[in-house]
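Assemble the whole structure, with the sequences as input and the hints as a guide.
Heads up: the sequence shown begins at 28 in my numbering, then just goes up one per residue.
Please note that the accuracy of each hint is not assured.
With a Cα cut of at most 25 Å, we get these calculated DSS-like pairs of lysine-lysine [stated by the list, open to error]:
(1) Lys123 - Lys66
(2) Lys128 - Lys71
(3) Lys82 - Lys71
(4) Lys128 - Lys66
By construction, these hints were calculated from the structure, which means they are not laboratory data. For clarity, every value in this text was computed on a predicted model and none was experimentally measured.
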Amino acid sequence: MGPSAKTSGHGVGRPPEDIWLAVGNECMLHVAGRHFLVKVVEVKDDLLRVTFPGKDYPVKGMRGEIQLHDEEGFFYYPIAVVEGPVPKGSGILLRKMSELKRSRHRESCRVPTDLLVQVKDEAHVRHYNATLLNVSAGGAFVQTDAPFDYSTTAELSISLPGEATHTIRCQIVDVIPPCEGGHSVDRRFCLRFMEIDSEAEQCITRYVWERLQQMYPVQ
Numbered sequence: 028m029g030p031s032a033k034t035s036g037h038g039v040g041r042p043p044e045d046i047w048l049a050v051g052n053e054c055m056l057h058v059a060g061r062h063f064l065v066k067v068v069e070v071k072d073d074l075l076r077v078t079f080p081g082k083d084y085p086v087k088g089m090r091g092e093i094q095l096h097d098e099e100g101f102f103y104y105p106i107a108v109v110e111g112p113v114p115k116g117s118g119i120l121l122r123k124m125s126e127l128k129r130s131r132h133r134e135s136c137r138v139p140t141d142l143l144v145q146v147k148d149e150a151h152v153r154h155y156n157a158t159l160l161n162v163s164a165g166g167a168f169v170q171t172d173a174p175f176d177y178s179t180t181a182e183l184s185i186s187l188p189g190e191a192t193h194t195i196r197c198q199i200v201d202v203i204p205p206c207e208g209g210h211s212v213d214r215r216f217c218l219r220f221m222e223i224d225s226e227a228e229q230c231i232t233r234y235v236w237e238r239l240q241q242m243y244p245v246q
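Shown next as structure tokens:
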């Protein structure tokens, strides 16, 4: 699964940071592809020290998120590890990399793919090839060299196996830079479908169910 689609959290009150990130409080840390329940032990400006169970990771420079969950989704800060675990067991030191953001839980299941699609900025004519990393009836996660910015309105042209090509109007809701040390220089983009006709939605839903049956066959 890719990353969740990140939004501004309209209709949900912003949590008071001085309470949420106060010393002694617990929150979720997402790093190294896993979630950890950690406790805040020190706060100073944009630096945050939290407990961590590992002894040799995460290392300096790794990226992740510090999260506060609720029933509709979670608030989060993108973070970078400033200092990994030390022998004295004082936890790890994190730096908040941007302002507080909001992610809502998805209403539809998203499945991984390795299909090729095309994307374009709605305001321009050039199409870009993209790898469809995962897809649902509500959005998609793609990797491409398209020069999109956050909140760009785009068009996704998708042709699933055995189906006609559909063009879906969508919005860029998150931009993820290339992985450090990775082989690809392309960025990854979370797309939220803004307008999808019933035929395209049914097509994607059929594909999702077929992929789920392949991934989790009945024994």
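Hint check results:
1. Lys123 - Lys66: Judged against 25 Å, a Cα distance of about 16 Å means the pair holds.
2. Lys128 - Lys71: Holds: Lys128 and Lys71 sit about 20 Å apart, inside 25 Å.
3. Lys82 - Lys71: holds (24 Å)
4. Lys128 - Lys66: Distance ~20 Å between Lys128 and Lys66 Cα, so the pair holds.
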